[in-house]
Amino acid sequence: MLSAPSLSYMLLSPMLIIFGAAVLGVLIEAFLGKTHRAAVQLTISIGALLLALLQLWQIKDMTSTTAAVNSVTIDRAGIFFQFIIVALALVAILLIADQDNFVAQASAVPGSTEEKIATQQRVQQTEIFPLVLFAVGGMMLFTVASDLITLFVALEVFSLPLYLLAGLSRRRRLLSQEAALKYFLLGAYASAFFLFGSAFIYGYAGTVSISAISAAAGSANDIFLFIGIIFMSVGLLFKVSAVPFHSWTPDVYQGAPTPITGFMAACTKVAAFGAILRIFYVGFADAQSLWQPIISVIAIITMIFGSVVAIAQRDVKRMLAYSSIAHAGFLLLGVISLSKEGLAASLFYLFSYGFTTIAAFGIISLVRDSTGEVSDLNRWVGLGKKSPLVAAVFSFLLLGFAGIPLTSGFIGKFAIFSAAYQSANISLVVVGVLASAIAAFFYIRVIIMMFFTDPVNDSVSVIIPSIRSRIAIICATLISLLLGVFPSLLLNASNSFANLIK
Amino acid sequence: MSIANYLYLSAILFTIGAIGVVVRRNAIVVFMCIELMLNAANLAFVTFARINGNLEGQVVAFFTMVVAACEVVVGLAIIVTIYRSRRSASVDDASLLKR
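Protein chains in written order, with the numbering used here: chain L, 1 to 502; chain P, 1 to 99.
One chain only, chain L, in its complex shape (with noise of 0.2 Å):
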């Protein structure tokens, strides 16, 4: 006799919401005419993402384990993880919104008559707004999944959008496709190592269940575990781009359309750090000495390496990708942890990281000349002087993402350290400062270079943003603003949420 499985929606309801649309927006690509798709698709994601976000505030003070039978586990820092990866995803899709970032057909070959013709009538490729749908669906369940069927599957929910939403880009397009290749192939490459590593982890607890893991603790076939941390790492870290596993970062960053990479850059990081820190705060806390010196050499490879390797980058968004993997890094820390501060000084830092870049991303796209985004750095310069506003935020962003004091990044970082230190880590303490040392120097370089040299007689001008880009800019470099001046707001709800269920 078969029994139904009992769910309960209300807690699974923030996902279920955002997925629904997004098959939603699937149908619509089918059946509503072209005129007004566009406008139909984003009223549809914003509304999904606008009532996840209060659904999610509904269910803060829930928690169950037996949400999905035993494959999702709703927790307070399961349900403040998914508020992030949501309230980001809302903040992105303004930008995204804006099509003349999105190629017009992806299908036509560039430079073809096809392609002419597309781009004349104005076609639009609205299936972007279900693909970040599904993206977002997927992050916010891979953040909250207790087994390992569940994570690989949401795994790839997450990622086989984000593989093509890569390649969408209008302009440079072989460049996109590019990006998309490299990553389709080197993301499929890790996620098998993440499932030949549960194949071990199974094998080792005899479930799929992740608390199972340490419960299984003392279990003859430590080889086994053993092999299996090391392999689900692979995958896990390739999704925070730590090195050496970073090699996609800089050309999917540089090659993706600007929004696309600004929503990959921030929900991504959130999404991956979700289930890095429920797999290792909740399955392998027990085979701590297992893992510790291993994350702890790769944090502080990666700490240093993406800090030293970014002053050399000379395209704004490279520099952002390697800035990208230097957070990696320190986020790193409140994983090697282990602790209560850690996990609480991680949810902070993804939270005010994230918005940041957002909000980053959103100025790149801003800087043009007639041929498309200007990502060079060599000539952004003097940009200060042609649009100071931009200019303005741009720095203060940068001092944000360094670290400097009165930013949300300072408050990051402190509180990261800080939980590092008092797990008794002080030499990646030690590296982390110098890491950010170094890497302050080349977010400044880039400040003076808009403010204190002279600009060259070049094309290169600011648009007018749409008033869509321009709220998402604004509301995420306020948010980043707000976390430095006021941080107690945060910190105290993310102390509050900073709990896992074992």
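It is worth saying that the hints were derived from the structure and are not from the lab. All residues carry an ideal CB built from backbone N, CA and C; glycine is no exception. Don't take every hint at face value.
What the hints assert, rightly or not - List of simulated lysine to any residue pairs, SDA-like, C-alpha gap at most 25 Å:
(1) L/Lys116 with P/Ala11
(2) L/Lys116 with P/Ser85
(3) L/Lys34 with P/Ala77
(4) L/Lys116 with P/Tyr83
Stated by the list, open to error - If you want the ones that stay clear, here's a sample from chain L, every Cβ over 10 Å from chain P, calculated:
(5) Val208
(6) Ser211
(7) Phe497
Stated by the list, open to error - What follows is a set of in silico ranges between Cβ atoms, one per label pair, in the way DEER data are often shown:
(8) L/Ile301 with P/Met65: 46 to 52 Å
(9) P/Ala69 with L/Ile117: 31 to 37 Å
(10) L/Pro244 with P/Leu76: 26 to 32 Å
Got chain L; can you put chain P on it based on the hints?
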């Protein structure tokens, strides 16, 4: 025959796939190597299901097949688009982003 042999086979298949991804140049072949790795993981899951005496590992294998099929759809779409714009599916030709 010892059941551990299946694990060795799965490890060998996984290694062949992982090396293939690194050494082969054609995007389609690279992609096939990745599929080989996924199937090696499947074999490991099924073997462990047998060792552990429960069905969860076999269920994972089914999920993996579905996910792999989705990956094929997305992957081939990307590879075919690249091929149409450059008349080549070699991963070495995709080097515009290299500095």
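We went through each hint and held it up to the structure:
no., hint, verdict
1, L/Lys116 with P/Ala11, "50 Å, violated"
2, L/Lys116 with P/Ser85, "15 Å, holds"
3, L/Lys34 with P/Ala77, "23 Å, holds"
4, L/Lys116 with P/Tyr83, "19 Å, holds"
5, Val208, "5 Å, violated"
6, Ser211, "14 Å, holds"
7, Phe497, "30 Å, holds"
8, L/Ile301 with P/Met65: 46 to 52 Å, "36 Å, violated"
9, P/Ala69 with L/Ile117: 31 to 37 Å, "34 Å, holds"
10, L/Pro244 with P/Leu76: 26 to 32 Å, "28 Å, holds"
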